[in-house]
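Those protein sequence lines, which keep their order, are chains A and B. Read in the UniProt record's numbering, the first sequence has 153 at position 153, and its numbers run on one by one without any break. Read in the UniProt record's numbering, the second sequence has 182 at position 182, and its numbers run on one by one without any break.
None of these hints come from the bench; they were simulated from the model. All of these numbers come straight from a predicted model, not from anything done at the bench. Any given hint could turn out to be false.
If chains are identical, the list can't say which one is meant, so a pair holds when it fits in one copy or spans any two.
What the hints assert, rightly or not - With a cut-off of at most 20 Å between alpha-carbon atoms, the simulated SDA-like pairs for lysine to any residue come out as follows: (1) Lys292 - Ile165; (2) Lys106 - Ser90; (3) Lys292 - Val305; (4) Lys106 - Val140; (5) Lys161 - Asn29; (6) Lys65 - Asn129; (7) Lys245 - Lys271; (8) Lys161 - Gly234; (9) Lys16 - Cys126; (10) Lys161 - Arg28; (11) Lys5 - Val317; (12) Lys106 - Asn89; (13) Lys161 - Glu281; (14) Lys141 - Asp34; (15) Lys141 - Arg28; (16) Lys106 - Met91; (17) Lys11 - Gly43; (18) Lys141 - Ala125; (19) Lys168 - Asn29; (20) Lys65 - Lys133; (21) Lys221 - Gln318; (22) Lys106 - Asp230; (23) Lys161 - Gly277; (24) Lys141 - Ile22; (25) Lys141 - Glu30.
Number of protein chains: 2
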Amino acid sequence: MEEKKLFELVKEDLRKIEQELINEVSERNEFLHDPAMHLLKAGGKRLRPAFALLAAKLGDYDFEKVKPLAVALELIHMATLVHDDVVDNSMLRRGLPTVKANWGNKMSIHIGDRIFAKSLLLIDACKNNYVAKVLAEVSVKMTAGEIQQLNGAKNISTSIKEYLIKIKRKTALLLSASCELGGIMANVSPRVVYALKQYGLYVGMAFQIVDDILDFTADEKVLGKPVGSDLRQGLITLPVLLALKRDKKHELWRELQNLPQNNANIEQIIKEIKNLGGISEAYAWAKNYIEKAISAFDLVPKSPVKDTFLEIAQFIVQRNY
Amino acid sequence: MEEKKLFELVKEDLRKIEQELINEVSERNEFLHDPAMHLLKAGGKRLRPAFALLAAKLGDYDFEKVKPLAVALELIHMATLVHDDVVDNSMLRRGLPTVKANWGNKMSIHIGDRIFAKSLLLIDACKNNYVAKVLAEVSVKMTAGEIQQLNGAKNISTSIKEYLIKIKRKTALLLSASCELGGIMANVSPRVVYALKQYGLYVGMAFQIVDDILDFTADEKVLGKPVGSDLRQGLITLPVLLALKRDKKHELWRELQNLPQNNANIEQIIKEIKNLGGISEAYAWAKNYIEKAISAFDLVPKSPVKDTFLEIAQFIVQRNY
Numbered sequence: 001m002e003e004k005k006l007f008e009l010v011k012e013d014l015r016k017i018e019q020e021l022i023n024e025v026s027e028r029n030e031f032l033h034d035p036a037m038h039l040l041k042a043g044g045k046r047l048r049p050a051f052a053l054l055a056a057k058l059g060d061y062d063f064e065k066v067k068p069l070a071v072a073l074e075l076i077h078m079a080t081l082v083h084d085d086v087v088d089n090s091m092l093r094r095g096l097p098t099v100k101a102n103w104g105n106k107m108s109i110h111i112g113d114r115i116f117a118k119s120l121l122l123i124d125a126c127k128n129n130y131v132a133k134v135l136a137e138v139s140v141k142m143t144a145g146e147i148q149q150l151n152g153a154k155n156i157s158t159s160i161k162e163y164l165i166k167i168k169r170k171t172a173l174l175l176s177a178s179c180e181l182g183g184i185m186a187n188v189s190p191r192v193v194y195a196l197k198q199y200g201l202y203v204g205m206a207f208q209i210v211d212d213i214l215d216f217t218a219d220e221k222v223l224g225k226p227v228g229s230d231l232r233q234g235l236i237t238l239p240v241l242l243a244l245k246r247d248k249k250h251e252l253w254r255e256l257q258n259l260p261q262n263n264a265n266i267e268q269i270i271k272e273i274k275n276l277g278g279i280s281e282a283y284a285w286a287k288n289y290i291e292k293a294i295s296a297f298d299l300v301p302k303s304p305v306k307d308t309f310l311e312i313a314q315f316i317v318q319r320n321y
Numbered sequence: 001m002e003e004k005k006l007f008e009l010v011k012e013d014l015r016k017i018e019q020e021l022i023n024e025v026s027e028r029n030e031f032l033h034d035p036a037m038h039l040l041k042a043g044g045k046r047l048r049p050a051f052a053l054l055a056a057k058l059g060d061y062d063f064e065k066v067k068p069l070a071v072a073l074e075l076i077h078m079a080t081l082v083h084d085d086v087v088d089n090s091m092l093r094r095g096l097p098t099v100k101a102n103w104g105n106k107m108s109i110h111i112g113d114r115i116f117a118k119s120l121l122l123i124d125a126c127k128n129n130y131v132a133k134v135l136a137e138v139s140v141k142m143t144a145g146e147i148q149q150l151n152g153a154k155n156i157s158t159s160i161k162e163y164l165i166k167i168k169r170k171t172a173l174l175l176s177a178s179c180e181l182g183g184i185m186a187n188v189s190p191r192v193v194y195a196l197k198q199y200g201l202y203v204g205m206a207f208q209i210v211d212d213i214l215d216f217t218a219d220e221k222v223l224g225k226p227v228g229s230d231l232r233q234g235l236i237t238l239p240v241l242l243a244l245k246r247d248k249k250h251e252l253w254r255e256l257q258n259l260p261q262n263n264a265n266i267e268q269i270i271k272e273i274k275n276l277g278g279i280s281e282a283y284a285w286a287k288n289y290i291e292k293a294i295s296a297f298d299l300v301p302k303s304p305v306k307d308t309f310l311e312i313a314q315f316i317v318q319r320n321y
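All chains, please: the whole structure from these sequences, using the hints.
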């Protein structure tokens, strides 16, 4: 199924969210406006607002009530992206130069700080203390994930457990909060809140694992950045870790020692990771998380919205971009 | 009067706040702990917590109630400092290397993001929606101030009005919020809330103007950074703007054109700024704000706490560090 079709139920409202995002991010000051809008336009799927709206559809759906949450979630996500690009030295994202690449580190820091601060106004507009509490907690944990990445960036011995903690903090928790809080803003029952929270967490884990797989397998044009970018930056992700587990002769291990200083034989290394089964096993892990996400919905009564959640979960591991 | 004596009424509780700050900022991860603690120890007066506690003394003082606010205010302040040092390329603050200087830009971004996120947990712990709202608004405005500085950094034609807007955003609003919200957390009357808010705003304006004056006049050892640092960075502050207004022959103006590329004749330029009356007129502006701050307290009944607020206001323009 196409990605667009998946969000059919909230398509119109997602369009309104896009307009709200433009309103929030645009600036009277031209000096700021261009990089801020560049960041907005470069950024993708609006998965967090989409999940929040869909989750609200499981309860008393009131677009005006869930709107500030949906916008805040995307702003938080954007703020972390623009700071991450500085830390990871990323020059390309989705085929476009990053804010860092075009306007430099200082502007990236500011834009991130500003967009994050704006998200606080919207969180306040939710008028729900639980929403504020959850997003404060998630924000703190997200910074822990970023820092873990900075710290462990060049560390091949990163254990699988550490990798999982990192992607939970960096990706899964905000997706989990998107689902959970969307439900909260529509007064769904505690049982459904719990299902949404678990679903978002597991889908988030799978989503990031697939992202890390696609970094090795996707078409460069589709990906918008060079294949193996993570590895080139010295970032060790699940496919590598799983391949290393099967690397009895320590050949892959030895070659990784010289990265990212020596990027010449990166193609060869990727081939080895594939040969050792790193990619296919990582897919198995992602599918396992998707099954957990689907199970989380077991107790939620059948409805078109529930079906959509299940289809999205399936789509996450099938996508090739 | 000595600075320490000014906060005599809240001395014990400020000590507890310092311990809370250590608890909040310290990290299990050593990689993070050192720069975070460095930032905490490098940073000064704890003016924002002190104002919050003193303001609470005007109402039903309950330390446990005002504590999370006081800690959050200092964390917000610290987060802005560590990001500012990246943007301003500052290597020294209060005589110590900045986090940027010792650990680099990436760590500075992270530490700032993390400490700011932690402040959100404490704001949540205040359990007061007005507190959350005001601090969200102030945070957005503070980023506007930073960006204004980035934008106008090398712009000699910065008008005095723009300078005032900038220091309001960068400094005065958070001090204003510290006073106002300290009162809020102690249920002071609306009239006193208003007095505190105005007082903090005007004291904040005066405080920043004096800071900008001291950059030219203070002893290098007391200042902890080279005299004229702002100007060396191309930062045009009130003493310069006021001197330029009297610079009929455009001599100062011409010399400033070559800054900061040419820092050789900075001593000469500072002398000119002084000769043109830039310093003394800037002091007059600071004193004018202090008078407004004091007037804001007119309707507050006399008490030792009120006296303290008035003494602090007087001290702001007398301090030489």
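Structure versus earlier hints - violations, ascending order
Structure breaks no hint.
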